[in-house]
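Each chain, written out:
Protein chains: 2
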Amino acid sequence: MALALRLLLAFLVIGSCIAADNIDLWPMPQSVSHGTQKLYIKKDITMSMVGSTYSDEKSILKDAFQRMVDLITLNHVVDGINPSSSVLTCVNIVVHTPEDELSFGADESYNLTVPTTGDPLYAQIEAQTVFGALQALQTFGQLCYFDFTSRLIELNSAPWIITDRPRFPYRGLLIDTARHYLPVKIIKGVIDAMAYSKLNVLHWHIVDEQSFPIEIPSYPKLWNGSYSYSERYTMSDAIDIVRYAEKRGVNVLAEIDVPGHARSWGVGYPSLWPSESCREPLDVSKNFTFEVIDGILSGDFSKIFKFKFVHLGGDEVNTNAYRDFVLRSQKIAISHGYDIINWYPLFDNFARFQEETFNSFGDKLDPKTVVHNWYLLTFYLIYDMGKLTVSNFAHKLIGLEDVAPKVVAAGHRCIVSNQDKWYLDHLDASWEGFYMNEPLKGINDTKQQQLVIGGEVCMWGEEIDASDIQQTIWPRAAAAAEAEFTSNLVIYGSMKFVCHSQILICHAKECMVALPSV
Amino acid sequence: MALALRLLLAFLVIGSCIAADNIDLWPMPQSVSHGTQKLYIKKDITMSMVGSTYSDEKSILKDAFQRMVDLITLNHVVDGINPSSSVLTCVNIVVHTPEDELSFGADESYNLTVPTTGDPLYAQIEAQTVFGALQALQTFGQLCYFDFTSRLIELNSAPWIITDRPRFPYRGLLIDTARHYLPVKIIKGVIDAMAYSKLNVLHWHIVDEQSFPIEIPSYPKLWNGSYSYSERYTMSDAIDIVRYAEKRGVNVLAEIDVPGHARSWGVGYPSLWPSESCREPLDVSKNFTFEVIDGILSGDFSKIFKFKFVHLGGDEVNTNAYRDFVLRSQKIAISHGYDIINWYPLFDNFARFQEETFNSFGDKLDPKTVVHNWYLLTFYLIYDMGKLTVSNFAHKLIGLEDVAPKVVAAGHRCIVSNQDKWYLDHLDASWEGFYMNEPLKGINDTKQQQLVIGGEVCMWGEEIDASDIQQTIWPRAAAAAEAEFTSNLVIYGSMKFVCHSQILICHAKECMVALPSV
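Chains as they are written, first to last, in UniProt numbering: chain A, 1 to 518; chain B, 1 to 518.
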């Protein structure tokens, strides 16, 4: 649906639709109905799994339940007296499949019902997988509030019947630990916040030209390119991050951005540089370069990063051998079991990185390639024109087209990250723009629509660090999260984001973030 | 010692004194000696209390030890193999007194020794009180680092012999929950960070004209003046904060700023306003006003805030009845067992709040009054001149004198918070200024020096909220903390702060803060 039409509908429906109904859920589930009765959450509310096929051996569900309880009781001492009736004593979770390995495309659908009668009175969650049940627990937690009169956690507007499933299987957020190192604890905080918004892919842009913070055991000098002795991640740290994310239903997509963004690689291995005076891109003429990439992907990454995809970057390089490099490094990744994601703009009118564009060799790409669309052009202009906001200017100047329709028409899968709308480092990109960015814009064929596996908002690290990464990500990333999660977005409209900002604020506060008013 | 001389000495000693010795401790202890040997911290290092009179019934020490272990192992997976020798297996803590109630002037001195021989090899802490032992554990934790080669926590430069005690009994930090509400979790994070820097008084400026966020059971409509339904603290929340702080050796000083900063009080009780059109100051002609103050201090505050002092504000009001009001409200506080702290500038050349100044009625104050010096004058100029930095201008303009010497000469105790140096909301106030601000400046008599009970840095809340309070407090507050804790400050000098910034960064990261480079 065209953006203009969506905006129009959004404004037309205000006051008459669900948006006016003050349902404080974010992202809005696919289907919601509710009543008017108040319930009280029992102080020692329990979880049961009666009817589940899933055994929770890894304690994914039990831990998630405890986190939900901790979250709703975090900021106030709950010291009221439970009344004798209308007390919700338990959440029963029925998971229909035993699997507990998170994988791309895992079924995240769920049903959540909160009745007003029953003895004992309990909420019921039903999901195909444990990862659907995690999403249901996020939704349940959002229904619960501390009440300053009863001093209890309450749940209003029961009974509730909610059914939900994500619109896209890939709902990503990029973090960048090369431009500023982020302590492990900070990364975990970002993962927590992603789970609140039901984002499910942490795209970890690990290394770049500025620093190489991660340990690569097969090439142990690579992390000599870290900023300092302590700004590094061991392999065990990376495993810790991946496990932490998986327990929250978040996949970790590892990226090594080659060959263009790799100057830091040569600090430990100078022969990866074409010469002492030319340190970028990687020397694509040497076998050693491919040996190192092979070592990273086989010996090290594939033991840690079990996600279906690996991201090989591939942007912003101008070398005649570029095409050969991309295709050869893709083959290496495929040989280690990965599907590949690469950055691709559509075209580059300024011909700076002409070789990189999808237009120039899209037909040569392996069908396992996922095209990550980011619009080189505006980036180019920003580089040349300083801090001037040029997104719109660029659009007008050359009539920039969307990449996604061309990519899916060619049969490739696609992730949308158009920088004018979904780059979080563009501080002038408004939440309305994040909310209204439509990944399927211009794609009408149902089969082609399915090739758009999702979208990703990008928190590039040049201008942020541990002190402000959360405040810069939220609430705008949450606006995109609803766009990616909720298919009937249009009936809510942009005003809902305002109505619901309290939730975002509430959740973000838990991860030590206060949000700008929207 | 004059500021100029201290700065001069500071620069003279660089390169030759302890500052060049790279001792990564902050605040620097009073006495430190060390060797050159590396030790390894056993992965399951334990705590013992052999020889202690103190029983740790409240688990103050055990919890502090666990926090210390969590802190030093927070950001990396410790998965190395303990070597067979040089492994520190235990910290033995000897506390000589059984008391576990935190009070003003509690003995915080400690000795810490880390030997290089012994079987088992253990560190020894000796302290008069459990609160001295807490300080020792902070110091011990700062000696420990994750090593990327051994994958263990290591402790360098052993053996260590450290003796330490604070220079001032009152080392404060003000937070302001009236201008921006701060969630309980955020306040707890600030308390954690205070403990890292050995600050020991959280001055909680709870209410002000903008909002009244705290519950007062005896006057239950007072918190109608909160910003919103959810931006409130229950009494139980306040108790939770006080207990959390006390377990970390931090006292909580409660402030109600009367009569001038109290417009929010009248939202619930309009009769506290002089009239509907004049909502400030409190109506000092009504008995009801004093009944409310009495209710707050007796029925509610004195059950929660057990610190010796209560802060009654008293600044920025211009009423003829001001003097009577201050003296009467002081009497109420004293009747409930409190000593009183009030804000007092020295004088006000612009005659806006002439009545408030110490000069005008300092001789009438109860001897239990502590004078909290903050310089009205520069504040006045800033209000009238917008964001212009006027501290220096004001000094030059009228030759502003220090208040503290006059206050202690009159026999009153004093807390130093001169806003040009120690107001954290003055973003242009540099860390060097924080570091070099000398609370005893101009006071040469030993007895008079003892009347300066300490200093306080002030994080006023107009321009900060939960998203940036930590980043605005640190590292500058830590510079003041060393000035307040370390008596032989002059031999370290300003460069040491640079040398030690890594510690600050390291510690601040634990509370999710990255610091600006210094």
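Rather than coming from a laboratory, the hints here were simulated on the basis of the structure. Any given hint could be a false lead.
Pairs count within a copy or across copies, as identical chains cannot be separated in the list.
In silico EDC-like cross-links for lysine to aspartate or glutamate, where the CA-CA straight-line distance does not exceed 20 Å [what the hints assert, rightly or not]:
no.: 1; residue 1: K308; residue 2: E101
no.: 2; residue 1: K303; residue 2: E154
no.: 3; residue 1: K185; residue 2: D79
no.: 4; residue 1: K43; residue 2: D119
no.: 5; residue 1: K286; residue 2: E101
no.: 6; residue 1: K43; residue 2: E276
no.: 7; residue 1: K58; residue 2: E438
no.: 8; residue 1: K42; residue 2: D315
no.: 9; residue 1: K185; residue 2: D468
Against the structure, the hints come out as follows:
1. Proximity of K308 and E101 under a CA criterion of 20 Å is satisfied intra-copy only: 12 Å inside one chain copy versus 57 Å between copies.
2. Proximity of K303 to E154 under the C-alpha cut-off of 20 Å is found in neither arrangement, the shortest distances being 45 Å within a copy and 28 Å between copies.
3. Within a single copy, K185 and D79 get their C-alpha atoms only as close as 31 Å, which misses the 20 Å cut-off; across copies the closest is 17 Å, which meets it.
4. Only within a single protomer do K43 and D119 lie at most 20 Å apart by alpha-carbon distance; the minimum there is 17 Å, versus 48 Å between protomers.
5. Taking the shortest Cα distances, K286 and E101 never come within 20 Å of each other, neither inside one copy (38 Å) nor across copies (69 Å).
6. Taking the shortest alpha-carbon separations for K43 and E276, neither the intra-copy value of 65 Å nor the inter-copy value of 43 Å comes in at or below 20 Å.
7. Taking identical chains as interchangeable, the C-alpha atoms of K58 and E438 are never at most 20 Å apart, the minima being 37 Å within one chain and 56 Å between chains.
8. Taking the shortest Cα distances, K42 and D315 never come within 20 Å of each other, neither inside one copy (53 Å) nor across copies (46 Å).
9. In this homomeric assembly, K185 and D468 come within 20 Å of each other (Cα to Cα) both inside a single copy, at 14 Å, and across copies, at 18 Å.
Consistency note: the structure conflicts with the earlier hints numbered 2, 5, 6, 7 and 8.
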